[in-house]
Amino acid sequence: MSSAATSADISLAPEHGSGTKRIWKTFWLLSVLTVIELGIGLTIYNIHKGANPNPTLVLAFKGMVCILTLAKAYYIVSIFMHLGDEIRNMIMTIVVPLCLFIWFITAFLWDGNSWKILRNTNAGSRPAQTEQHQPAAIEKGEKP
Amino acid sequence: MSSVATLHGADVHGAHDTHHEHHHHETFITKYVFSQDHKMIAKQFLVTGMIWAIIGGLFSVIFRLQLGYPDSTFPWLEDFLGHWAKGGKLQPEFYYALVTMHGTILVFFVLTAGLSGTFANFLIPLQVGARDMASPFLNMLSYWFFFIASVIMFSSLFVQTGPASGGWTIYPPLSALGDASSGSKIGMDLWLVSMAMFIVSALLGGLNYITTILNMRTKGMSMTRLPLTVWALFFTAVLGVLSFPVLLSGAILLLFDRNLGTSFYLSDIVIAGKILPNEGGSAILFQHLFWFLGHPEVYIILLPAMGMSSEILSVNSRKPIFGYMAMVGSLFAIAILAFLVWAHHMFVTGLNPFLGSFFVLLTLLIAVPSAIKVFNWLTTLWRGNIRFTPGMLFAIGFVSLFISGGLTGIFLGNSALDLHLHDTYFVVAHFHIVMGVASFFGMFAGVYHWFPKMFGRYLNNTMAYIHFWVTIIGAYLIFWPMHYEGLAGMPRRYYEFSNWESFKMFGGLNEFISLVAMIVFAVQLLFVFNFFYSMFKGRKVTTTNPWGSNTLEWTTPINPGHGNWVGEIPEVHRGAYDYAKDGHEFIPQNVPVGADETSH
Amino acid sequence: MSTTAIPTNTKWWNGGRSPFNASYGKVMMWYFLMSDAFTFGAFLISYGTIRFSVNNWADPNHVFNAFPFAGHANLPLAFVSLMTFILIFSSVTMVLAVHEGHKMNRKGVEKYMILTIFGGLAFLSCQAWEWTHLLTGEHVALLKDGTLSILPTTVKSNPWGLEVAHDAMLAALQKTPHDQLASIAATLHHGGEAVVHDVKTMSDAELISLIQSSDLHVSNPGPIAFGGYFFGITGFHGFHVFSGVIINIVMLAKTKLGHFDQRGHYEMIEKAGLYWHFVDLVWVFVFLCFYLI
Numbered sequence: 004m005s006s007a008a009t010s011a012d013i014s015l016a017p018e019h020g021s022g023t024k025r026i027w028k029t030f031w032l033l034s035v036l037t038v039i040e041l042g043i044g045l046t047i048y049n050i051h052k053g054a055n056p057n058p059t060l061v062l063a064f065k066g067m068v069c070i071l072t073l074a075k076a077y078y079i080v081s082i083f084m085h086l087g088d089e090i091r092n093m094i095m096t097i098v099v100p101l102c103l104f105i106w107f108i109t110a111f112l113w114d115g116n117s118w119k120i121l122r123n124t125n126a127g128s129r130p131a132q133t134e135q136h137q138p139a140a141i142e143k144g145e146k147p
Numbered sequence: 200m201s202s203v204a205t206l207h208g209a210d211v212h213g214a215h216d217t218h219h220e221h222h223h224h225e226t227f228i229t230k231y232v233f234s235q236d237h238k239m240i241a242k243q244f245l246v247t248g249m250i251w252a253i254i255g256g257l258f259s260v261i262f263r264l265q266l267g268y269p270d271s272t273f274p275w276l277e278d279f280l281g282h283w284a285k286g287g288k289l290q291p292e293f294y295y296a297l298v299t300m301h302g303t304i305l306v307f308f309v310l311t312a313g314l315s316g317t318f319a320n321f322l323i324p325l326q327v328g329a330r331d332m333a334s335p336f337l338n339m340l341s342y343w344f345f346f347i348a349s350v351i352m353f354s355s356l357f358v359q360t361g362p363a364s365g366g367w368t369i370y371p372p373l374s375a376l377g378d379a380s381s382g383s384k385i386g387m388d389l390w391l392v393s394m395a396m397f398i399v400s401a402l403l404g405g406l407n408y409i410t411t412i413l414n415m416r417t418k419g420m421s422m423t424r425l426p427l428t429v430w431a432l433f434f435t436a437v438l439g440v441l442s443f444p445v446l447l448s449g450a451i452l453l454l455f456d457r458n459l460g461t462s463f464y465l466s467d468i469v470i471a472g473k474i475l476p477n478e479g480g481s482a483i484l485f486q487h488l489f490w491f492l493g494h495p496e497v498y499i500i501l502l503p504a505m506g507m508s509s510e511i512l513s514v515n516s517r518k519p520i521f522g523y524m525a526m527v528g529s530l531f532a533i534a535i536l537a538f539l540v541w542a543h544h545m546f547v548t549g550l551n552p553f554l555g556s557f558f559v560l561l562t563l564l565i566a567v568p569s570a571i572k573v574f575n576w577l578t579t580l581w582r583g584n585i586r587f588t589p590g591m592l593f594a595i596g597f598v599s600l601f602i603s604g605g606l607t608g609i610f611l612g613n614s615a616l617d618l619h620l621h622d623t624y625f626v627v628a629h630f631h632i633v634m635g636v637a638s639f640f641g642m643f644a645g646v647y648h649w650f651p652k653m654f655g656r657y658l659n660n661t662m663a664y665i666h667f668w669v670t671i672i673g674a675y676l677i678f679w680p681m682h683y684e685g686l687a688g689m690p691r692r693y694y695e696f697s698n699w700e701s702f703k704m705f706g707g708l709n710e711f712i713s714l715v716a717m718i719v720f721a722v723q724l725l726f727v728f729n730f731f732y733s734m735f736k737g738r739k740v741t742t743t744n745p746w747g748s749n750t751l752e753w754t755t756p757i758n759p760g761h762g763n764w765v766g767e768i769p770e771v772h773r774g775a776y777d778y779a780k781d782g783h784e785f786i787p788q789n790v791p792v793g794a795d796e797t798s799h
Numbered sequence: 149m150s151t152t153a154i155p156t157n158t159k160w161w162n163g164g165r166s167p168f169n170a171s172y173g174k175v176m177m178w179y180f181l182m183s184d185a186f187t188f189g190a191f192l193i194s195y196g197t198i199r200f201s202v203n204n205w206a207d208p209n210h211v212f213n214a215f216p217f218a219g220h221a222n223l224p225l226a227f228v229s230l231m232t233f234i235l236i237f238s239s240v241t242m243v244l245a246v247h248e249g250h251k252m253n254r255k256g257v258e259k260y261m262i263l264t265i266f267g268g269l270a271f272l273s274c275q276a277w278e279w280t281h282l283l284t285g286e287h288v289a290l291l292k293d294g295t296l297s298i299l300p301t302t303v304k305s306n307p308w309g310l311e312v313a314h315d316a317m318l319a320a321l322q323k324t325p326h327d328q329l330a331s332i333a334a335t336l337h338h339g340g341e342a343v344v345h346d347v348k349t350m351s352d353a354e355l356i357s358l359i360q361s362s363d364l365h366v367s368n369p370g371p372i373a374f375g376g377y378f379f380g381i382t383g384f385h386g387f388h389v390f391s392g393v394i395i396n397i398v399m400l401a402k403t404k405l406g407h408f409d410q411r412g413h414y415e416m417i418e419k420a421g422l423y424w425h426f427v428d429l430v431w432v433f434v435f436l437c438f439y440l441i
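Protein chains in written order, with my numbering: chain A, 4 to 147; chain B, 200 to 799; chain C, 149 to 441.
Simulated from the structure, these hints should not be mistaken for lab results. One thing to keep in mind: the hints can contain errors.
[Claimed, not checked] Pairs of lysine to any residue residues, derived as SDA-like cross-links and limited to a Cα-Cα distance of at most 25 Å, are as follows: (1) LYS24(A) with LEU36(A); (2) LYS404(C) with SER229(C); (3) LYS65(A) with LYS292(C); (4) LYS292(C) with VAL211(C); (5) LYS473(B) with THR302(C); (6) LYS65(A) with LYS323(C); (7) LYS404(C) with ILE298(C); (8) LYS52(A) with LEU272(C); (9) LYS384(B) with PHE336(B); (10) LYS251(C) with ASP88(A); (11) LYS304(C) with ARG122(A); (12) LYS52(A) with PHE387(C); (13) LYS230(B) with VAL727(B); (14) LYS52(A) with LEU269(C).
[What the hints assert, rightly or not] Now the in silico label distances, taken between C-beta atoms and shown as ranges: (15) LEU230(C) with THR46(A): 17 to 25 Å; (16) LEU101(A) with LEU364(C): 34 to 42 Å; (17) LYS736(B) with GLY383(C): 52 to 60 Å; (18) PHE233(C) with ASN49(A): 47 to 55 Å; (19) PHE574(B) with ASN123(A): 31 to 39 Å; (20) LEU101(A) with ARG586(B): 39 to 47 Å; (21) PRO476(B) with LEU364(C): 19 to 27 Å; (22) LYS473(B) with GLY383(C): 23 to 31 Å; (23) ALA570(B) with ILE39(A): 46 to 54 Å; (24) GLY383(C) with ALA525(B): 43 to 51 Å; (25) ILE394(C) with ILE665(B): 20 to 28 Å; (26) ARG411(C) with PHE731(B): 41 to 49 Å.
Since this is a predicted model, take the numbers as computed values, not measurements. All C-beta atoms, glycine included, are put in the ideal place defined by N, C-alpha and C.
Build out the structure end to end from the sequences listed, making use of the hints.
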């Protein structure tokens, strides 16, 4: 079976120039991105240490780190894993399913945030006394 | 019948002569046990799945006894179940265990492994024109991981405290706390370990199916020439590969909660006046993770049945499938939507209602591709030259069940209605019809249609017709009344209803349902008998292409060996649905396009 | 049941050109990684969901501020950036090994595989140190019973909650029993056996003044789920690194034995490389989720 694996049916992708040059370039790029991330991380740390941390500013910095991380992921996948050199159809079969993460993340975090609101208000687990007298009383009685 | 049908007859006569030409020596072990031949692995999946189906079906008969005859005792049950049926009365703990195992077995072990394991293995290489899967070895491992999962799950039936009993969805905290019920003890751990093995099996299989379809097609077999079975099995595999890992994550976290004292799913739990130290987790998180698999799982079960029905409907109405590209497109749309709608199982959990409304919208969108499929099936049948083979009957039955079950899905997909209907018998009726029985019908259709290819013999037709008519009438008689019970508010998963005045009126109906369920179960045993009887004693197949079908599996010899084709793999020149074209009844895919033909 | 078989010399596949211009093994590895991405994705998204659902979460700059042999110096992000660079560097050596494989240069492959394995082991050692540091714990927390105690970071508890006000801390000190005071004092003055022996004999009042003399920070117990997710996810990632190292060692052995030269291509190195880069890729996200934000 292994004879089917590689043969004349597959032509190796042409090497790009001197090859290693591209790899080292990517390495420096990743390093620089990581250093910027660390810089932002320390900035967030210092904002938190300050008297009045500005939540919007922190959020903006965190968003920037997320974007930088995505950029790093792009370079690792595209250059190190050579996905960028594959046929477009193959790239699509891998990238398109990953788009499911958008809704996966959105819905989960959205609901997580809504649990926090429920937790802080007790709106979810215990009905307000005034609206539903009877059930509330029963539920209280059951609670040990 | 045109001359093309006999083009490949020549192979048949050579079959016996080439027997000694095996390129490697095959013993009983390598041929029937640790086989790497996709056809043998498919049969292994099928037989294991059938054994599980009998066990799972038997469980439903036992708990239907309790629901139908809550006041009677059955002394023979005690001989059979021991202390779980003291005095012939099913114990509540074991009732829950039975319900849980019935769901687990049928959803995962029968309709996932047994259905797509069988037909993906059997049909993909044959229909795309490959000698075997991309990696036959991993394919074999896929079956054996399924076997290990089966053994673990089966052994959990015999542990002292009973098998898992928190429902097939194993929601925490019931499943996370060992003391919550007798089934939450070792039975639950075995369930989780078994599922982990099962997920490994599903992933190995799925990766192989996807890779084979993408990479191993024969010359000329472009993606748009693939039979719809292959398309459906392809999307099934994609769904499995992307969603099973999420259940794996969820199950691992649950194992940690059970055994290492973590708090992923636990918070604010009070048991017998004692507050547990677990804090900060959320039981709903597990539901999110579970249903991120759970909803695609529904389509993992359903899509193979859709694909096989499409193929069988087209072959047996001697007409091309109506709207091939629309069929593929709707499969694709269903596959994508399957990932976006999971929280519609959770409308009553305290899900953010605004978020819920998005899930309502996305859920109702599924109706569009589903309707496209239904209309295309019906228009395929329209004015066709229909042959009512058993396979065809089951395919038509599938369409019928898919329509009736799908319609109630529109009710349940609305969060406002779901608040009332959630966890009632309405839901039970809905998913049993649309995903349980419908998928079973797809599976039966597939078995009846491809049995000649699998074993070189036909199934007995008389038994097949009895099987079909009793099953379809029985299925409707069982599940149709459940809709009314559900609308009246009768909750599912209850051990008995005699304490509620309002449900007393359903006593007779429940008895009726139980009676029909037993009859239907008995008829399935007739099918099993037919299966094994025909395997050895059935009428022999005399031509390579008994149904006059276009797809490539019928170009192989009657009992193909490992490698499928004796000579070269045929080259493909046309799509899979050239029926009733230019005066030919059917033109197989490997026939070159003639000069007089409208091109393809 | 009679069966036919194909002659030995028959070609196993004759589809012409490979649709993706890639072998089935590579395609399969890609889809396996895609599926594994969903496993990790589910873990990280669960973590995010729980984090969104509580009011306070552990501050990573506070939790991960230690460095080996640096004592109590406050060095946020330092150690983890070392780990990140180790992993990025081992990724580079891996891709260089693949590159040498394309050129059929066995010596080159061996050299870079050894470097990659070394990088993987270094990363695992770092992770072992970090886990040990957190599990042994040197932070003082205000327990639910109103006493102070050294609280390690485990899956069941951790000291990374909100800081306790000075007055509350003083009150708690008065309530804390002798043994706990002694262990706090010993940890704060992190001396050897002699100190431990000394504090045992001191009176409560002496211990309290000793503790107060040092810069004592006390926090509430943190969100319990933090420990579970941290150890669970970094552990799962570490397990991937570990299996990657094993795979790489097998590949190195096969290279040394000349298997790939016989086969005529170094594709196995390429597949192992895909796995290794994936491990690096996951770390990029673990780094983001646990250490940066």
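Structure-based check of each hint:
no.	hint	result
1	LYS24(A) with LEU36(A)	holds, 18 Å
2	LYS404(C) with SER229(C)	violated, 33 Å
3	LYS65(A) with LYS292(C)	violated, 33 Å
4	LYS292(C) with VAL211(C)	holds, 21 Å
5	LYS473(B) with THR302(C)	holds, 22 Å
6	LYS65(A) with LYS323(C)	violated, 41 Å
7	LYS404(C) with ILE298(C)	violated, 51 Å
8	LYS52(A) with LEU272(C)	violated, 32 Å
9	LYS384(B) with PHE336(B)	violated, 36 Å
10	LYS251(C) with ASP88(A)	holds, 17 Å
11	LYS304(C) with ARG122(A)	holds, 21 Å
12	LYS52(A) with PHE387(C)	violated, 35 Å
13	LYS230(B) with VAL727(B)	holds, 23 Å
14	LYS52(A) with LEU269(C)	violated, 35 Å
15	LEU230(C) with THR46(A): 17 to 25 Å	holds, 20 Å
16	LEU101(A) with LEU364(C): 34 to 42 Å	violated, 48 Å
17	LYS736(B) with GLY383(C): 52 to 60 Å	holds, 56 Å
18	PHE233(C) with ASN49(A): 47 to 55 Å	violated, 22 Å
19	PHE574(B) with ASN123(A): 31 to 39 Å	violated, 50 Å
20	LEU101(A) with ARG586(B): 39 to 47 Å	holds, 45 Å
21	PRO476(B) with LEU364(C): 19 to 27 Å	holds, 26 Å
22	LYS473(B) with GLY383(C): 23 to 31 Å	holds, 30 Å
23	ALA570(B) with ILE39(A): 46 to 54 Å	holds, 51 Å
24	GLY383(C) with ALA525(B): 43 to 51 Å	holds, 47 Å
25	ILE394(C) with ILE665(B): 20 to 28 Å	violated, 56 Å
26	ARG411(C) with PHE731(B): 41 to 49 Å	holds, 45 Å
In the structure shown, a violation is registered for the earlier hints numbered 2, 3, 6, 7, 8, 9, 12, 14, 16, 18, 19, 25, in ascending order.
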